[in-house]
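Given the structure of chain S, go ahead and fit chain L onto it with the hints provided.
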Amino acid sequence: MKRLITCIVIFLGIIGICTWGTLSLRHHSHALIQTLQAAHDAAAEDRMEDALRLTEDFLADWEDAEQLFIYILRHEQMDEVTFSSARLLPFLRQGDSAEFCAEVSEIIRALEHLWETEKPAPENFF
Amino acid sequence: MAVVFIRTVLLYFLIVVALRIMGRRQIGELQPSEFVITILISNIAALPIENPTTPLSSGVIPILTLVCLEVFSSMVLLKWIGLRKWITGSPKVLIKDGILDQKMMKQLRFNMSDLAEELRDKDVFDINEVDFAVVETTGKLSIYKKFPHRTVTADMLSLSPAQDESVRITAISDGHIHKEGLQLYGRDKQWLEEELRKRELAVGDIFLLTMNRSGELSYILKGQ
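If you read the protein sequences in the order shown, they are chains S and L.
Under the numbering used here, read the first sequence as residues 1 to 126, first letter to last.
Under the numbering used here, read the second sequence as residues 1001 to 1224, first letter to last.
Extracted from the complex, chain S is given alone in its bound form (with noise of 0.2 Å):
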């Protein structure tokens, strides 16, 4: 009986744990790509000063992400939003909108890969 309680706690606690980081990685994912979606709207209609900002919320939301989403997704998945977002500031401050432009829509596109490929859905489960 007392392996049976242990094993309930447990099995309680993988599903707590694992409903828990499936909601954050989509709270996180979604929120990190509103903000670079307004930053890419913003470079798009040479509001150079709010894609600033933007991107700098961005990377700061990036950051505190990436500390959870290290304990749940493979290393590598996170790794192309990561070196992506260092060439965002310098493209901005060269006032490339273009390139900006670009590396964000990538940045997107990889964000929604992380939560395509971590979402409970039967195209994951088969």
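FYI, nobody ran anything at the bench for these hints, they're computed from the structure.
Here the structure is a predicted model, which means the values were calculated and not measured.
From the three backbone atoms N, C-alpha and C, an ideal C-beta is built for every residue, glycine too.
There's no promise every hint is true.
Some chain L residues judged to face chain S by a derived CB distance under 7 Å, without partners named [unchecked claim]:
#1 THR1053
#2 THR1054
#3 PRO1055
#4 SER1057
#5 ILE1061
#6 LEU1064
#7 THR1065
#8 CYS1068
#9 MET1075
#10 LEU1077
Same frame as chain S, now just chain L:
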């Protein structure tokens, strides 16, 4: 490198705990589902050790999930006999009244060499000695020999023990008293120390001390 080392240590303890939760069984006695889970656990544990970019959770979560499912299924199988038969199978009679069931051998994909090997493992070198043989769900062969080949027992010879034949339990080993052993035969530490005093001995002098139900002591002194 340090990451791999720490991960290995963590996973080692996790697997020890996981197998402890699953319960104690020898590898040879594993049911098919337990055998599959043991192999799976060893493979899953290797992934985060081999690849440091894989989060430890990708090893920990599946291992604990498998162990929980194994315990849950064993609990369900305990109650649900029909399902138990379907999952673990049922013992198959291979030799009945000294006659080998060749159909069953074919069904179990058992050849004569396998059978002879299993019989030799049971110290049977002539199949004619066997009255009854069953292949258990673990794959082990259990046999019941014909009467003339059975080991003579005290019961057959109507013998009764001349003295206390109870199991001798360890009361002291390496100078340490085993309270659980003493309790098993309704004794305590004080009683044991009194017995040792009578023999002018101290607990620390003794390497191994065993006793039976009637309190007869047998001991080996340290350095003896």
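Hint check results:
1. THR1053: holds (4 Å)
2. THR1054: holds (6 Å)
3. PRO1055: holds (5 Å)
4. SER1057: holds (6 Å)
5. ILE1061: The hint holds - ILE1061 of chain L has a Cβ within 7 Å of chain S, the shortest such distance being about 6 Å.
6. LEU1064: Holds - the Cβ of LEU1064 of chain L comes within 7 Å of chain S, reaching about 5 Å at its closest.
7. THR1065: Since chain S brings a Cβ to about 6 Å from THR1065 of chain L, closer than 7 Å, the hint holds.
8. CYS1068: holds (4 Å)
9. MET1075: holds (6 Å)
10. LEU1077: violated (13 Å)
Hint compliance for this structure: hint 10 alone is broken.
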